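Generate the whole structure from the sequences, applying the supplied hints.
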Amino acid sequence: MDKDKEPLLSDMKPSQEDIALRQKQLQARKAAAARAAAGSSPAKQPAGAKPSQTLAISALVLGVLLAGLAGWLFTQVQAQQQQLLNAEKLLRSQAQNIEVLNERLSVTGENANLSVDALKTIVKEHDSEIRKLWDLANKRNRADIGMNSKAIAGVKTELSKTDKELRAGLEQQKKQLASSDSAAQSREAELKKRLQKAEAQLVSLSGTELRLVQQGETIQALENEIARMKKAGIGADAADIRLQLEDVNIRLDRMQNAIGPR
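When the count follows UniProt numbering, it moves up by one through the sequence shown with no breaks and lands on 262 for the last residue.
By construction, these hints were calculated from the structure, which means they are not laboratory data. These numbers come from a predicted model, not from an experiment. From the three backbone atoms N, C-alpha and C, an ideal C-beta is built for every residue, glycine too. Zero decoy hints are in this set.
Ranges between beta-carbon positions, derived for each pair:
(1) Q96 <-> W134: 53 to 61 Å
(2) T108 <-> A28: 54 to 62 Å
(3) D135 <-> E99: 51 to 59 Å
Result set (DMTMM-like, lysine to aspartate or glutamate): computed pairs, CA atoms no more than 25 Å apart in a straight line:
(4) K156 <-> E171
(5) K174 <-> E190
(6) K174 <-> E188
As structure tokens, then:
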């Protein structure tokens, strides 16, 4: 940065093209001054004029032109020098700004490097902790998964066994229901037959048979009465009642013999 602060005027040198251009301009001005001097002089010089006067006039004109050119060049050089000074000031200011910016960038870069290093360290620490936690969780999850897999396998076995037992029980119940239905149907048919037979027998009974039934009921009532009387200690009328029962039995036998088997 110190090299940029040195003056820039020492390095400014005119090139060959600038020198040639200035020489051409000087020659053109000299020619113009000569033509102007020739036009202002009388058309015809006196016969006795001396060449020294013409040379003096030409030298004077040339000196004036050179003085004007020198003044113009001096003005241009001054303007160029002022521009160069302004440019140098601007360059110095820009150089200072660049130097300050470089210092800031350097400090920022160092801080950024420190921040990046700190972040890398934090990331490594977090990564290490995450891996530890992941390993721990993975081991624990593997153990839990193994236990759960065994439990699930046991549950599946129990479910399969229970399903087989339920299916077997269902089939057995179906068979039992079918057998029960068949037995119930057979029993119902048998009862229907017996009922029909009883109804037929009841219809075929005659009035005599009905009387026999009624007399049998009467005999049963008498026997019950005899038994009651025996328990009560009554024995006087028992013989008479027994005789009556025997008489009734004889009559029943006769009636049955008269009816005959059906």
